[in-house]
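Chemist: Start from the sequences and build out the full structure, keeping to the hints where you can.
What follows is the residue order along each chain.
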Amino acid sequence: MVESSGGGPAAGKVSESGAATTDWVWQAGPRRYGRVFLTFVRNSLVRAMGFRTNFWLECISSSCWTLMNLFFFKIVFSYTDSIGRDTGWGENEFFVFLGTTWIITSLIQTFIMPNAQEFSELIRTGQLDFALLKPIDTQFLVSFPQIVWSNLANLALGVVLVVYAVVRLVTTSEVPLVVGPVQVGLYLFFIGCGLAILYGVMIAMAATSIWLGRNQTLYTFWFYLTNFYRQPMEIYQQGWVGWTLWGLFTFLVPILLVVNVPARILAEPLRPAVDSWTWVLAGMALTAAIVVLSGSRWVFQAALASYRSASS
Amino acid sequence: MNPALSRMRLWWAIFRVSLEERLVYRGDFAFGTLMRFLPMLTQIFLWWAIFDAMAGRPAAELPGQVPVATADGPDHAGSPVAADDTVSTETVPTETVPTEPLLTETSAGSRDISEVRIKGYNLNDMIAYMLLVMLARAFSSMPGLTSGIAGSIQKGEVKKFLIQPVDMLGSLLLQRIAHKLVYYVIAFFPFALVFFLCRSYFEAGFPSPSLLAAVILSLVGAFLLGFAIEACLGLVAFWLLEVSSLAFIFMLLSFFLSGHMFPLDLMPAPLDWMIGLLPFQYLAYFPSAVALGKIQGDALVTGLIVQFVWVLVFGVLCRILWHRGLIRYGGYGG
Chain A
1 MVESSGGGPA
11 AGKVSESGAA
21 TTDWVWQAGP
31 RRYGRVFLTF
41 VRNSLVRAMG
51 FRTNFWLECI
61 SSSCWTLMNL
71 FFFKIVFSYT
81 DSIGRDTGWG
91 ENEFFVFLGT
101 TWIITSLIQT
111 FIMPNAQEFS
121 ELIRTGQLDF
131 ALLKPIDTQF
141 LVSFPQIVWS
151 NLANLALGVV
161 LVVYAVVRLV
171 TTSEVPLVVG
181 PVQVGLYLFF
191 IGCGLAILYG
201 VMIAMAATSI
211 WLGRNQTLYT
221 FWFYLTNFYR
231 QPMEIYQQGW
241 VGWTLWGLFT
251 FLVPILLVVN
261 VPARILAEPL
271 RPAVDSWTWV
281 LAGMALTAAI
291 VVLSGSRWVF
301 QAALASYRSA
311 SS
Chain B
313 MNPALSRMRL
323 WWAIFRVSLE
333 ERLVYRGDFA
343 FGTLMRFLPM
353 LTQIFLWWAI
363 FDAMAGRPAA
373 ELPGQVPVAT
383 ADGPDHAGSP
393 VAADDTVSTE
403 TVPTETVPTE
413 PLLTETSAGS
423 RDISEVRIKG
433 YNLNDMIAYM
443 LLVMLARAFS
453 SMPGLTSGIA
463 GSIQKGEVKK
473 FLIQPVDMLG
483 SLLLQRIAHK
493 LVYYVIAFFP
503 FALVFFLCRS
513 YFEAGFPSPS
523 LLAAVILSLV
533 GAFLLGFAIE
543 ACLGLVAFWL
553 LEVSSLAFIF
563 MLLSFFLSGH
573 MFPLDLMPAP
583 LDWMIGLLPF
593 QYLAYFPSAV
603 ALGKIQGDAL
613 VTGLIVQFVW
623 VLVFGVLCRI
633 LWHRGLIRYG
643 GYGG
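Chains as they are written, first to last, in the numbering used here: chain A, 1 to 312; chain B, 313 to 646.
Hints are computed from structural coordinates only; laboratory data are not their basis.
Check the hints yourself; a few may be wrong.
Here are the computed lysine-lysine pairs in the DSS-like style, where the Cα-Cα straight-line distance is at most 27 Å [as the list claims (entries may be wrong)]:
1) B:606 x A:74
2) A:74 x B:492
3) B:431 x B:606
4) B:492 x B:472
Remember, predicted model here, so these are calculated numbers, not experimental data.
Modeler: So, in C-alpha cells, the structure goes:
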C-alpha cells in the first residue's frame with residue numbers, strides 16, 4: 001500500500017511537468033483539480049497512517065473535549081428546558097445545533113485550518129515561490145494540500161448526535177418534527193454555505209500575512225470565531241452590546257449564519273414549520289457565502305500581487 | 313562565606329534573571345491577556361439566555377427548581393440532601409420582601425431574572441464565578457512546566473543540576489514565582505479593567521479584609537498545588553520519557569474537575585462528592601467560591617487546610633520522584 005502511494009505523487013509530478021510543456025491553462029479542468037486533490041488526500045493519509053497510535057490518540061483526545069462540551073449542556077438542561085426564552089432551543093433542538101457545530105468545526109479543522117496556518121508560514125519563509133511556479137491555481141494549491149484526518153473524529157460524533165436528536169424530535173416531541181429528503185438536502189446545502197463562509201474568512205485572514213509579515217494570531221482568531229458562532233444567535237439579541245455583536249457577526253463577518261441556518265432548517269425550533277425568519281437568514285447565508293468566497297478570492301489575488309518573497 | 317547567605321544570593325540571582333527574561337514582551341502580553349476575556353462575552357450571553365428561559369417559567373414547572381424531587385428524575389431522586397440543595401428561590405434569603413416574588417410569580421407567570429438560582433447561583437453569581445475562575449487559573453496554571461521538566465530529562469539537561477549546587481525543583485519554583493509576579497504586574501491592568509467593567513455582577517461588593525486574606529491564601533495554595541502536580545507529571549519522564557499524553561489527560565481532567573467550565577456545585581449527585589475528594593477543585597473552584605462567599609466559616613477553614621495538605625502531599629511526591637528518578641537516570645555523552 002505504501003509502495004503504490006509512494007509512486008502516486010511521483011506519477012502526478014510527471015504528468016504535471018508534461019502538461020507544463022503544452023499550454024496547461026487550457027487543460028486546467030475540474031478533472032485535473034480532482035486528481036491533484038486526490039493526491040493530497042492520499043499523501044496526508046499515508047502521513048497519518050505512518051503514526052497510527054498517535055493518530056488514534058489524537059482522535060480520542062479531540063473526542064474527549066467534544067464530549068465534555070456535551071456533558072456541560074446535559075447539566076445545563078437538567079436545570080432549564082430551553083436556551084433563551086421562547087426561542088424553541090429545547091434540549092433536542094439544541095443538540096441538533098451542537099452536533100451541527102461539531103460537524104462544521106471538524107471539517108474546517110480537518111481541511112482548512114492546517115492549510116491556512118501553513119500558508120502564513122509559506123509567506124514568512126518565502127516558500128510560496130514554489131507554489132506560484134506550479135501550473136495550477138495558487139489559491140487551490142495552498143488551500144488543500146494538508147488534511148488532518150484525526151480531526152474527523154468529531155465529525156462522526158456530530159453526525160451521531162444530530163441523528164440521535166432528530167430521531168428524538170421526530171418520535172418523542174410534543175409537536176413532532178417532520179424530516180424528509182428536502183430538509184436533509186437543504187441542511188447539507190447550508191452546511192456547505194457555512195463551510196464556504198468560514199473558508200473565505202480564514203483564507204483571507206491568512207492572506208493578510210503577506211502584508212503583515214507574520215500572522216501568528218491565526219489560531220487565536222479562529223478560536224474566538226468558534227466561540228461566537230457556536231451559540232444560537234438569539235442569545236445575543238439583548239442589550240446594546242448583544243445587538244452590536246449580533247449585527248457584527250451576522251452582517252459584517254457573517255459567522256453567526258454558519259451553524260444557525262442549517263440547524264434551524266433541520267431542527268425547526270419554532271415548529272410546526274420552518275418560520276419565515278429562518279428563510280430570511282437562509283437567503284442571507286447563501287448571499288454571504290457567495291460574497292465572502294469572492295471577497296476572499298479578491299483579497300487573495302491582491303495579497304499575491306504585493307508578495308515579494310523572502311530572503312535574497 | 314556563610315552557606316545560608318550564599319544560598320540566598322543564588323536564589324536571588326535565579327529570581328532576577330527570570331524576572332528580566334519575562335519582561336521582554338510586555339505589550340504583547342497585556343493585550344493577549346485582555347483578549348483572553350473575550351470568550352467571557354459569549355459565556356455571559358449564554359448564561360443570561362439560560363437564566364432568562366428559567367425565569368420565563370413559573371418555578372414549579374422547572375426541573376431544577378422543584379422543591380420535592382419528583383419531576384427531576386434519577387439525578388436527585390435518591391438523595392434528599394441534593395434535592396434540598398436545589399430548592400432555590402424559596403429558601404435562599406434575599407433582601408426583598410418574601411411576598412413580592414410570589415406576587416409577580418402568580419400574576420405574570422414569570423419571575424425577575426435575579427431571583428432565579430441554580431444551586432444557589434443566580435445569573436450575577438455565575439458571571440462573577442466565571443471571572444474569578446480566570447483569576448484563579450492565572451495562579452494555578454503552569455504552562456510549559458510539565459513539558460519543560462520532561463524535555464530536560466529527555467535531552468539530558470538534568471545533568472547540569474547534578475554537578476551544580478542548585479536544586480532543580482527549587483530553582484524551577486523560583487523561576488515560576490518570578491514569571492508569575494511579572495505576569496500579575498502586567499496583567500493587573502487588563503484584569504482590573506475587566507473586573508471594574510463587570511463590577512455589577514459582584515453582588516457582595518468588594519470582599520472584607522478577612523475574606524480577602526482567605527482568598528489570597530487560597531490563591532497561593534492554588535499556585536503551589538498547580539506547581540507541585542505539574543512538576544510530578546514532568547518527573548514521570550524519568551520512567552516514561554514521553555509524558556505529553558499524560559499531560560494532556562491531566563489538562564482534560566483539570567479543565568473538567570477543577571470547576572473551570574462551571575461551578576462544581578452544579579455537578580449531579582453522585583459526581584459532586586467524588587469530585588470533592590480530588591485535589592483538582594483547589595486549582596480553580598475553591599478560590600473562586602471562597603471569593604464569592606459561597607464557602608464560609610468552618611467549611612472555609614477546613615477547605616484551606618485540605619488544600620495545603622494536598623500541596624504537601626504533592627510536594628513530598630515531587631521529592632520522592634526526583635530522588636528515585638535520579639537513581640534510574642543515566643547521563644551519557646557531553
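Chemist: Each of the hints needs a verdict: does it hold here or not?
Modeler: A quick look at each hint next to the structure:
no., hint, result
1, B:606 x A:74, "holds, 24 Å"
2, A:74 x B:492, "violated, 36 Å"
3, B:431 x B:606, "holds, 11 Å"
4, B:492 x B:472, "holds, 25 Å"
When each numbered hint is compared with the structure, a violation occurs for hint 2 only.
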